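2 protein chains.
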Amino acid sequence: MTKVTAQISISLDGFAAGPNQTEADPLGAGGERLHHWMFTDDKTAVDEEAVAEILEGTGAFVMGRNMFGPIRGAWTGDWRGWWGDDPPYHAPVFVLTHHPRDPVVMEGGTTFFFVTDGIESAVARARAAAGAQDVGIAGGAQTLRQAFAVGLVDEIDIHITPVMLGAGERLFGDGLGDVRFEQVAVRPSDNVIHARYRVVR
Amino acid sequence: MTKVTAQISISLDGFAAGPNQTEADPLGAGGERLHHWMFTDDKTAVDEEAVAEILEGTGAFVMGRNMFGPIRGAWTGDWRGWWGDDPPYHAPVFVLTHHPRDPVVMEGGTTFFFVTDGIESAVARARAAAGAQDVGIAGGAQTLRQAFAVGLVDEIDIHITPVMLGAGERLFGDGLGDVRFEQVAVRPSDNVIHARYRVVR
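First to last, the protein sequences are chains A and B.
The first sequence: position 8 = 8 (this note's numbering), numbered continuously.
The second sequence: position 175 = 175 (this note's numbering), numbered continuously.
Hint data in this document are derived by calculation from the structure and do not stem from the laboratory.
Given the structure is predicted, the values throughout are model-derived calculations rather than measurements.
Where is the CB? At the ideal position from N, CA and C, for every residue including glycine.
Not one of these hints is a red herring.
Chain A stretches covered by chain B per the calculated footprint, using a threshold of three residues with CB under 8 Å from any CB of chain B:
1. 4-17
2. 156-164
3. 186-197
Taking the hints into account, I'd like the entire structure generated from these sequences.
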């Protein structure tokens, strides 16, 4: 059965983005360090595997508008995401937004669909598109919290980095409700801990 | 050379204690769940090893007053800690307090000394007592943050539990200063992730 999974990198002090997020710096001050493990030349086999596994088992993605494009940018026009012509998703990606827009077909199997009626609708559409595969909440933190809040997340991969940010956007803020986790798999690399939790309801 | 180490259990959302800490409930609402892995009958060999290693290599401990006794209790009188006649430390323990008190000698090698002139003094006295062994900051979170703030912690063992508390006392609050960590060892058990970080200055 299709699971809804989510994955996100956090600092050791619990932030999914640094403070002062702007269009030029959508991850906030220091926030790019959370994703260093993914882009460094020192990426280990464990890290490669963690990324590959997330992408491979997932038949469709849901993404927040801040992850798709610049925070204050008018990306409803020509903006086609941060990832170049061939985004790494290779699957339908349902982008939450308040602005209707026609789907954008990219190379390699990625198509961005724009969903204006909220997280539950986006997940439902992703489920339909994913078939027997999983639906992946690609981020960011706000979208992940929205999905949690309505009980839509079955499993979460948290990449716990040794970074300290001191301030910013917390992955788990207050008011998350009565969420319980069960630790199901942990794979440490030299740079980061890949921890998978099942959401218990 | 003697290192100053620290160890603490945290929730997945970054709390070292739950909300509403009281004398009857010094860990706050739900906070005892952070230490469940340590006391459960399901404790694995990995967990046993993590605890044993912390206790064995450590020649003296520093402890906050809230960890030693009830928060609002007058423990300067007869109070001898939470741990019975033979506490697990088997070494000198320097307890931070505002109230001078004669040392309390327990069974098994533990002696509680009471330090009224602050964290730096407590760590200095623990260093002298530890000889070639390490000094361990036993907790709680506030004492750990104090030691961090004055640059006294070399290494920290964080036991990352799958618990969500939603509110409480954060291990890493704001104003921790420019602390950087390096991941040095990670040992997951079935119940908890034992993660060791070196503090980089």
